[in-house]
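Residue numbers (the numbering used here), protein chains in the order written: chain A, 24 to 344; chain B, 74 to 351.
If you're looking for bench data, these hints aren't it; they were derived computationally from the structure. Here a beta-carbon is modelled for each residue, glycine too, at the ideal position from N, C-alpha and C. Any given hint might turn out to be false.
[Claimed, not checked] Straight-line C-alpha distance at most 25 Å; calculated DSS-like pairs for lysine-lysine:
{"hint": "1", "chain 1": "B", "residue 1": "Lys-298", "chain 2": "A", "residue 2": "Lys-153"}
{"hint": "2", "chain 1": "A", "residue 1": "Lys-157", "chain 2": "B", "residue 2": "Lys-298"}
{"hint": "3", "chain 1": "B", "residue 1": "Lys-298", "chain 2": "B", "residue 2": "Lys-309"}
[Claimed, not checked] Looking from chain B toward chain A, a few residues come up when the C-beta cut is under 8 Å (computed):
{"hint": "4", "residue": "Leu-91"}
{"hint": "5", "residue": "Val-193"}
{"hint": "6", "residue": "Tyr-212"}
{"hint": "7", "residue": "Ser-214"}
{"hint": "8", "residue": "Thr-225"}
{"hint": "9", "residue": "Thr-249"}
{"hint": "10", "residue": "His-255"}
{"hint": "11", "residue": "Val-323"}
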Amino acid sequence: MTTAETGVRRPTTAAAPTGRAPGTSSPGGAAGPRWRRRIVPYLFLLVPVALLVLLTYVPVVNMFWYSFTDWDGLDKTKNLVGFENYTEVFTDPENLHVFYVSLYYFVASFVQMVIALYFATILSFRIRFKNLWKGILFFPYLINGVAIGLIFLNFLRPEGGLDTVLMSLGLESLVQQWTGDPDIANATLASVSVWRYMGLNFVMFLGAIQSISSEIYEAAEIDGASRWHEFRYIILPSIRPIVGLSLILAISGSLSVFEIPKVMTDGGNGTETFVMRTVWMAFNRNMVGLASAMAVVLLVVVLIVTWVQRKVLPDDEVDLT
Amino acid sequence: MTRTLTAGLASTVKYVSLVVASLVMILPIVLIVMGSFKTNQEFLSTGPFTAPESWTNVSNYVTAFTRGGMARGFVNTVLIFTVAIAGTILIGAATAYALDRFRFVGRRGVLNLFLLATLVPGVTTQVATFQIINWLGLYDSQAALILLFMGTDIISIYIFLQFVRSIPRSLDEAATIDGAGHLRIFFRIILPNLKPAIATVVIIKGIGIYNEFFLPFLYITDPEKRPISTALFAFKGPFGSQWEVISAGVVITIVPILVLFLFLQRFIYNGFTSGATK
Numbered sequence: 024m025t026t027a028e029t030g031v032r033r034p035t036t037a038a039a040p041t042g043r044a045p046g047t048s049s050p051g052g053a054a055g056p057r058w059r060r061r062i063v064p065y066l067f068l069l070v071p072v073a074l075l076v077l078l079t080y081v082p083v084v085n086m087f088w089y090s091f092t093d094w095d096g097l098d099k100t101k102n103l104v105g106f107e108n109y110t111e112v113f114t115d116p117e118n119l120h121v122f123y124v125s126l127y128y129f130v131a132s133f134v135q136m137v138i139a140l141y142f143a144t145i146l147s148f149r150i151r152f153k154n155l156w157k158g159i160l161f162f163p164y165l166i167n168g169v170a171i172g173l174i175f176l177n178f179l180r181p182e183g184g185l186d187t188v189l190m191s192l193g194l195e196s197l198v199q200q201w202t203g204d205p206d207i208a209n210a211t212l213a214s215v216s217v218w219r220y221m222g223l224n225f226v227m228f229l230g231a232i233q234s235i236s237s238e239i240y241e242a243a244e245i246d247g248a249s250r251w252h253e254f255r256y257i258i259l260p261s262i263r264p265i266v267g268l269s270l271i272l273a274i275s276g277s278l279s280v281f282e283i284p285k286v287m288t289d290g291g292n293g294t295e296t297f298v299m300r301t302v303w304m305a306f307n308r309n310m311v312g313l314a315s316a317m318a319v320v321l322l323v324v325v326l327i328v329t330w331v332q333r334k335v336l337p338d339d340e341v342d343l344t
Numbered sequence: 074m075t076r077t078l079t080a081g082l083a084s085t086v087k088y089v090s091l092v093v094a095s096l097v098m099i100l101p102i103v104l105i106v107m108g109s110f111k112t113n114q115e116f117l118s119t120g121p122f123t124a125p126e127s128w129t130n131v132s133n134y135v136t137a138f139t140r141g142g143m144a145r146g147f148v149n150t151v152l153i154f155t156v157a158i159a160g161t162i163l164i165g166a167a168t169a170y171a172l173d174r175f176r177f178v179g180r181r182g183v184l185n186l187f188l189l190a191t192l193v194p195g196v197t198t199q200v201a202t203f204q205i206i207n208w209l210g211l212y213d214s215q216a217a218l219i220l221l222f223m224g225t226d227i228i229s230i231y232i233f234l235q236f237v238r239s240i241p242r243s244l245d246e247a248a249t250i251d252g253a254g255h256l257r258i259f260f261r262i263i264l265p266n267l268k269p270a271i272a273t274v275v276i277i278k279g280i281g282i283y284n285e286f287f288l289p290f291l292y293i294t295d296p297e298k299r300p301i302s303t304a305l306f307a308f309k310g311p312f313g314s315q316w317e318v319i320s321a322g323v324v325i326t327i328v329p330i331l332v333l334f335l336f337l338q339r340f341i342y343n344g345f346t347s348g349a350t351k
């Protein structure tokens, strides 16, 4: 599709070998330059917008529609059932439980942001081996989620790494069935999630802090500001937009947890998450209607939270024009 | 006097916290590396911190590579990556070019369409997207993954949009005077000038595709077509009790990303900060 030369200038030359190339679809020969100039942007946007609509908007609309039906994903007919699916989402305790599970990940993401902010702050000042620390803290984010799940299954198995460390520190009493005990399994998995994603928050915060002009610090130091004052009155206000963005990501992230619990417990011991349940419902039990209703609920929650966040922490980052 | 004392204390706290955090980050990985060199007997009988008897015992790696299908996983991942990334770049650049260089009816609408789509997390719509992929007859094919990677990547469109703005319009105009058409301007001026953006997108997207698990889990059932992450996931079946082979599989998955990271560190950091903030 790269026959750039012929495509646009002569509308009659359908010389481009593939059909997709913009310009080749011009109907009729006698188009003036102005007409052509007008059609050009649409031709460039044809494929991107088609994909966007096909893979984002059509599914969203369909999902709303399916959520009011009893469709099983295969049947030709879909019967309207009104709000029945929604009633089931909110009354079946097993369905509600997944929201409770996501609270663990939500709380964990705050812990994660605090840790990330701490390390981003100390590593933005002069310190030895800066790049080494940065690399170590960030690298886990780049590891495949399945690999992380398996790494921690190994680390947390009975008599595995963590237990051995605790025993050698004389803390036998802390040894647990880390993923096997329903009381702590979710906390364990959420901690693994902190291990995985802390680096991304850290690098985002670090980038934001480093974009603060050094003159501001110098001025503050002349005024006798302590490190804490610098953090409180310079760093924190200037990274507010990125903290706000991290909050949105934390909420939608904690509702869409999938890989780590899938690999580590497969949803056992009360660790089933929203996505796991929707997928299971749609593809194992063929209840596409009910699964869609759950997905709609998830989407609405994310939208509300995003809206609230924008109200509470307004920022001007979304500037596309 | 007390001032230097507190400063010293603060500095100690700083370094201690860094060392502790680093241990937490590294220890689980070190243990899996050690495990991957042990024999099955050894794995069961020795503690996790015991070094393997022989650091040259690569039999677990051989098993993982051949019987575990990791080799095929790599080939499949590279294939999916190459096509999807080429598509993403063309789509992102075309969108950015059209939106930045032309004023046309519906421009605002298209912009909003892309903006609004960022609010929809991919996982929520997957049940419905699945039906579309199915309807297109792409279930259990790598084309499904490629299409999804290309079609839902709003972030890279943003990155391209930022960069196209910084390419001077006078370049386009000069080319037009020389008789270049829009396609020629796109391929000869816009795309080459987008190199930094392309590098960013290749890095972020590359890591994303390499690590993607949900989509292949949902769409690919044929073991022959599996990319690396579902190939590794499949280890839980046949090698369920052979932790040393699983460990080798994990290490095989991590090594390429580690090498990439060590070589491209600076670009990777920059990619993530520019990808995340705007």
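Here is how each hint holds up against the structure:
1. B:Lys-298 x A:Lys-153: At roughly 42 Å apart (the allowed maximum being 25 Å), Lys-153 of chain A and Lys-298 of chain B break the hint.
2. A:Lys-157 x B:Lys-298: 36 Å, violated
3. B:Lys-298 x B:Lys-309: 18 Å, holds
4. Leu-91: Because about 5 Å separates Leu-91 of chain B from the closest Cβ in chain A, which is inside the 8 Å limit, the hint holds.
5. Val-193: Holds: closest Cβ of chain A sits about 6 Å from Val-193 of chain B, inside 8 Å.
6. Tyr-212: Where the cut-off is 8 Å and the nearest Cβ of chain A is about 11 Å from Tyr-212 of chain B, the hint is violated.
7. Ser-214: 15 Å, violated
8. Thr-225: 5 Å, holds
9. Thr-249: 10 Å, violated
10. His-255: 5 Å, holds
11. Val-323: At about 5 Å, which falls below the 8 Å cut-off, the nearest Cβ of chain A leaves the hint on Val-323 of chain B intact, so it holds.
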